[in-house]
Structures are given as C-alpha cells and as structure tokens.
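Participant: Next come the chains, spelled out residue by residue.
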Amino acid sequence: MQFIPVYLIFIPVITALFIYVFKNKHINYLALVAQLAMTILLIMYFTAYGDNPEATLFVFGDWDARVGISLYNDRLSISFMFLTIFTWWMVLIYTFNFRETDHNFLFFLMFLQGVFLGFLQSNDLFNLFVFLELTTIIVTILIAFKKTGDAYRAGIYYELINVSGVLFFLLGIIILYNSFGTINLLAIKAGLEGMEDLTALRMAYIFLMVGASVKAALFPLYTWLPKAHGVAQSGISALLSGLIVKGGLYLFIRINDMFSPANYSYSDFFFVVGGITAGIGVMFALSQKDIKQILAYHTVSQVGIMMMGLSSLPTNDLFYGGLYHVFNHALFKSLLFLGAGVIIKAYRSKKVADIRGVMRTMPVVSILMIVGMLSITGAPLFNGFISKTIIKYGIYDQEWKYWILFFVNIGTATSFIKMSQIFFGPRPMTIILKDAPQRLSMIIIAFSCVMLGTLYIPISSGYFGVDLSYITPFGLIPLYDYIATLTIGFCFYKLVIEKDVTMVRYIREFKVSFETANYLMIGYVVALVTYFIIL
Amino acid sequence: MDPILTFVVILIGFYGLSTSTNIIKSVFCVTIIESGVILLFLNLGNLDGGTIPIVGEGVTMIADPLPQALMITTIVIGSTVTALALMLCIKVFHHYGTVEWAEILRREEGK
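Just so you know, the sequences run in chain order A and B.
Under the working numbering, the first residue of the first sequence is numbered 1152, with each subsequent residue one higher.
Under the working numbering, the first residue of the second sequence is numbered 5, with each subsequent residue one higher.
Bound-form chain B, shown alone:
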C-alpha cells in the first residue's frame, strides 16, 4: 500500500471530523485518522520481501521492529480513547436525548 493512500485515509478522517454533526460519527472519524496514522508508520517501517522481525535461521531481511512496537501501543491507546468516548456518548444521550452536536447546544440554551 502506498503511503499516499494512507494520507488519503487521514484526510478522509479530517473531512468527516469537520463535517459530521453527530457525536458518534465524530468518534468514528477520530478512529479513522488514527488508523491512517498507524498504517502510515507501519508502511514506512516495512521492507519489500522482508519478514516479521523475529531473528532466526535463514532470516536476512526483516521489517523494522520499532514502528511495530510503537504502533501496538497506539492501537491500545486508541481503543481506550474510543471506549471512553462511546461511554460519554451514551451518557450524553441519557441527559439530552440526542447525539447531535447542534441539537445539544440548542437544548442547553433552552434550559
């Protein structure tokens, strides 16, 4: 996969983040950006024809292990962030009865 394509994924995420009016969609867009960033880093550390970074007999070309180690951490953090954000979505829905950003703002002013 070309690094340019991962940039496209990131930009799609930002497009969604700045146009979607729904909290859940915003959470998904953040996840999309995160996936794009992770793909980009893994791509740059990869070698054509290389194998997984476990040194053994007859292994000559391996991928760079550091990006993989870092990105597994990023994935874990990303899942935590998503879980927390979705939990807050549920709570917001319980309090306002909607998950639209603009609608919440309107109900807040009406109070």
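Same shape as in the complex, but just chain A:
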C-alpha cells in the first residue's frame, strides 16, 4: 500500500518501454490495461491515506529524509493526480484509432504520464526540477510530432524558453540548499519557522517563482503557449492546455506553501499579473482567425483568471475559486480542443471563416462543443459558472479587481460568439469520418462538465471541506447576468470584431520574437526583484 506512489510513476513508464519494444497491433490495449490498473491503485491509495497526509511521506531506500528522494501526497496532489489520470484516459480513448499505426506516439504519451505523476508527488526541489525538465523534453517531442515546419519551430521555441526558465528554478534551489543544507520541501518549510528575513531567501523565492511562471505561461512569459498549443495535434493540445500548463500553477501553490512561514505578501503582485495575463489573452484571442489559436489564447486568459484566484491566501474562499477553475478549465478546454480537432479534420481548414454549417454535418460534436463554450463563458448550470462566481464573490469589495474580471468575461463571451459562427450556415460538401472513440471521450468530458456544475456542493465540501452552498446557479439573477454579458459581447462582436477594424488587425499581426521574449523574462525577474526586495 505504501508503495503505490512509486507504482503510479513506474507503471506508465514501463508500459511505455513495452510499447516501444513490442510494436504490434495489440499493444494499444496494454496502455488501457495499465491505465485501468493505475486508476484502481489511486482510488485504493486515496481511501487508505486521503485523510492522514503525514503517513504518505515515502523516502526511497530509507535514507535520511533531508537528503533522500522522497514522495509526499496531500489532498491537493491527490486531486491533481485524479485529474491527470482522467485526462489521460480521455486522450487515450480519443487517439485510439489514430495510434494503431503510430506506436512512438503512444510511447511518449505514456512516458509523459509517469513523469507528470512523479512531478505532482515529489517532495524535494531537485526532483521537481528533474521532472520539470523531463516534461519539457517530452512535450517538445509531442509538439514537433506533426513533422511540419511550424511544429518544429514551435517545439524549439517552447524548449528553449522553458529550459531557460527552469534554470532560474535551479538557481533558486542552489540558494535554498546553501541556506538550509536540504532540498526537502517539508524540511525547508520547518526551517523557515523563526528564520529572520534574509534577502537571499527572497531571491530564492523570486527565482523559484520565475520557473513556475514560465511553466504556467503568465503575462510576459506566455509567448510560447499559443505557438505550441496551436500547432500540436488536437489530442496533444488538449493535454497541454488541460493539464501540463496547470503544472506551473501547481508549482506556484507548492512553493507558496513552502514559503508560508516567511509571510511574503505576494497576493497583490500575482493578482495584477493574473489580471494582465487574462486581459492580454482575451485581447489576442479576439483578433485571431485560426480556431486553434483562439483556443490557445483563451488558455492564456483562463490561466490569468486561475491566477487571480490562486494568488490569495489558501485560507480564503477566493483560493478555492482558482483551484476549482483549474479543474473546470481542464475539462472544458480539453473538450473544446478535442471537438476542434474533429471539425478541423473534417473541413481540412483551421480558419473560422472557412468552416460553416457544422450543426448540419456533425450535430453531436456541435452540441458537445456548445457545452464547452457555455462552460467557458460561465453559463449557469455549467462548471465554469461556479468557479467564476466564487472568484467574483471573493473580490466583490475591491472595485478595480471586479472590473478586470468583468472585462475578461465580456471578451470571452465575444470571442466564443465569434467562434460559434461555425455552427450556422448551409451544409457543405465534406466527408465526415465517423470515429466512435472520439465521440465517446468527448461525451464523457461534457458529462463531467455538467456534473461539476451541478454537484459542486457535495464535491467541494466532501473533498476540500469548503462550503459553497452560498452559490446558486438556479434562479433569475445569474441568468440575467449571463444574458447581459452575452448581449454586450454580441454588440461588441457586431460593431468591432466582425468589421475587422485596424486595431484588431494590428493586434493580430503583433508578433513577439524570441529575443524579445528573453528580454521580457529578464524584465519579469527585475519586476519581481523590485516588488519583493526593493519595495
């Protein structure tokens, strides 16, 4: 029972190796068997240890916990693990037919799952670094898997930016090791109690935060995300947007938890960064014409909204709004990407203007996409509504914060009104390939979207112990709110976006080069230093 965390890391890795060695037709099923075994193991682990996190500390080889490799799980990491395994189930089902001829893809996919589960569980900083680098390498390969020119370019851009960001993380680890003589997260947290406030420790915090921000694609460092998520295969885009980006946010939570005895006042800074990220993401999403670019920029903006929630202290309800949004976004964004993949494959075009009449050609996919769109714009009874409302209530007393969220909501609504144009219009001459596994995975995700939007009270109070009964999706006020948002969004779409005014065209053609992206990274470090050390 105690070894389950280790099994969860090694089952997918060993399965991946088996897949690579025996490349045959039936190996596809081995992945599903391994996935089933992992699901059962995780449920067993949760029922045994979910309530006492102290018992989950696992040190390899009985070394001293201060120097050994150790794994540690609490409710947060177990919930992320459930999300990971769920997302991988969906991607495995979605790509089932595609994989019959391509075994290398499945190899990397399963390997990445083991690496990501290790990342979620590891309890020392250096292991976090190793798993981050491994994630970067495998994700680079998966982005470049399409073997087109822009896929290779996006892959190398992703890799170089992320590696240099994670090297900042390593610098932070060095400073912490020099001060504490250990790299164990729990030991450092204990060591920080009663420690005087040193500039070196603040420097370490800043460097660790830069690593987390690059991974989470916060404002000046987001430039790799639209490129990478826009060109990858749809299943991979769903995985990247749904889960891998959340790795950075998970890192953010863990580092802030580790530094919680030092009481750094990070809330306002990261709220502003989150707000700018959300605004910029929506602004670029509105100007794009490529369906996958729109979705990728929306990932940037939604990460900003999550950051607005997560930047508050973990005792606030606002924090749980951000956390709940992480899970909700993982569901609806993977649904949208998977649906977009089906549509792009049928129409052989990524441009919104070229795709018309999806409602007539693919009614099931259209309904599922509409579920995803209603969720992301925050319609009552869908899961996006719950988390956005928690965040809205959390910042109700501060007007400027409220306005940021309001404008982001309008922008999101406008952008999805623009995207919903693909459903209307006459039936075009297209060949529709019926792919049952793809439909199945999308139906399961859409169902979970609705379930999280209606059964949020028992789920949140049972799992995290947060009472959300003050949020009611039934009733007229949320509905009026939503309709008003949609109306403003529709007017904005008709007046500005559809006419493609000069401003919109200018934003669309605005490109950040690789060198500028690095200047921005250094600028972000300078901003953090200014906020945390000089001020």
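Don't take every hint at face value.
[Claimed, not checked] Once the Cα atoms are required to be at most 30 Å apart in a straight line, the calculated DSS-like pairs of lysine-lysine come out as:
hint	chain 1	residue 1	chain 2	residue 2
1	A	Lys1174	B	Lys95
2	A	Lys1585	A	Lys1496
3	A	Lys1440	B	Lys95
4	A	Lys1496	A	Lys1650
5	A	Lys1650	A	Lys1440
6	A	Lys1440	A	Lys1502
7	B	Lys95	A	Lys1297
8	A	Lys1496	A	Lys1645
9	A	Lys1174	A	Lys1496
10	B	Lys29	A	Lys1298
11	A	Lys1340	A	Lys1496
12	A	Lys1662	A	Lys1440
13	A	Lys1297	A	Lys1501
14	A	Lys1501	A	Lys1340
15	A	Lys1501	A	Lys1298
16	A	Lys1298	A	Lys1645
17	A	Lys1645	A	Lys1501
18	A	Lys1662	A	Lys1298
19	A	Lys1543	A	Lys1298
20	A	Lys1662	A	Lys1650
21	B	Lys95	A	Lys1662
22	A	Lys1501	B	Lys95
23	A	Lys1502	A	Lys1645
24	B	Lys29	A	Lys1662
25	A	Lys1297	A	Lys1440
26	B	Lys95	A	Lys1496
27	A	Lys1297	A	Lys1502
28	B	Lys95	A	Lys1298
29	A	Lys1645	A	Lys1662
30	A	Lys1297	B	Lys29
31	A	Lys1585	A	Lys1440
32	A	Lys1502	A	Lys1650
33	A	Lys1502	B	Lys95
[As the list claims (entries may be wrong)] Just a sample of chain A residues kept apart from chain B, beta carbon distances all over 10 Å, derived:
hint	residue
34	Val1281
35	Glu1344
36	Lys1645
Note that these hints are calculated values from the structure, not bench results.
Small disclaimer: the values here were computed from a predicted structure and weren't measured.
Where is the CB? At the ideal position from N, CA and C, for every residue including glycine.
Please arrange chain B on chain A, whose structure you already have, making use of the hints.
Facilitator: What follows is chain B alone, placed relative to chain A:
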C-alpha cells in the same frame, strides 16, 4: 573560482540569449547558462583543501557530496536538452532553409 565569476558566466548566457538572432546560437547560450549554474552549485559545495567525497583512511575534509550528485544529473539533462534542440534545428533548417529566427518568421508569413 569566485562565485561572482559564475554569475558573470550566467549573465553572459542571458545576454547572448536576448541578442542572438540565430537558433543555434540560442541553443549554445542556454548551454552557457546551464554551465554557469552548475559551476555555481559546485563552487558553493566545495571546501578549500578538501578532497573528493570518498571516505577512506586519513581523509578529514571532504567536499559536500550532494551538490556533485545533483549536478551530474543536471549535466545529463542538459546534454539531452541540447541534443534535442540541435535535432530540431536541423529539422527547421530542412523546412525553412535558414536558422535565423526573424527570417523564419518572415517566410512563415509569406506562405
């Protein structure tokens, strides 16, 4: 070697990363930053007059073994990253006929 010097190496790497217009040079700059970080960590774990961390007869002062163990891992990861990045460089060159960031962007728009 002074820790300040390793910081200089890191800063040279970042200077190169933000000014070089060539993909291969960018890859090299990442490697330079990585070398700087590795040197810094090894420096901090080192003792003046200490020997390698293998305990034997008459050994009293040894360097801290943990940074060395961690940095060998970092070197391995770094070589993997470099290999993958250079492979992608070759592929980018095959598709675009150039390894200049700006030139690639221009050709992408021209398509």
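Participant: Keeping to a limit of 30 Å between CA atoms, is the pair of A/Lys1297 and A/Lys1501 held or broken?
Facilitator: 15 Å, holds
Participant: Straight-line Cα separation of A/Lys1501 and A/Lys1298 no greater than 30 Å?
Facilitator: 17 Å, holds
Participant: What's the verdict on B/Lys95 and A/Lys1662, does the C-alpha distance respect the 30 Å limit or exceed it?
Facilitator: Judged against 30 Å, a Cα distance of about 23 Å means the pair holds.
Participant: Would the hint linking A/Lys1174 and A/Lys1496 be met if the CA-CA limit is 30 Å?
Facilitator: Holds, at roughly 26 Å.
Participant: Can the restraint linking A/Lys1645 and A/Lys1662 be considered satisfied, given a maximum Cα separation of 30 Å?
Facilitator: 26 Å, holds
Participant: Does A/Lys1496 lie within 30 Å of A/Lys1340 when you go C-alpha to C-alpha?
Facilitator: It is violated: about 50 Å lies between the C-alpha atoms, which goes past 30 Å.
Participant: Far enough from chain B: is every CB of that chain over 10 Å from the CB of A/Val1281?
Facilitator: 6 Å, violated
Participant: Would you mind confirming whether the straight-line C-alpha gap from A/Lys1501 to B/Lys95 stays at or under 30 Å?
Facilitator: This hinted pair holds, its Cα atoms lying about 24 Å apart.
Participant: Can the restraint linking A/Lys1496 and A/Lys1645 be considered satisfied, given a maximum Cα separation of 30 Å?
Facilitator: 29 Å, holds
Participant: Tell me if the straight-line CA distance from A/Lys1502 to B/Lys95 falls inside 30 Å.
Facilitator: 26 Å, holds
Participant: Given the hinted pair B/Lys95 and A/Lys1297, is their alpha-carbon gap at most 30 Å?
Facilitator: 12 Å, holds
Participant: Holds or violated: B/Lys95 and A/Lys1496, Cα atoms, limit 30 Å.
Facilitator: Holds, at about 25 Å.
This entry does not satisfy hints 11, 14, 16, 19 and 34, going by the numbered hints stated previously.
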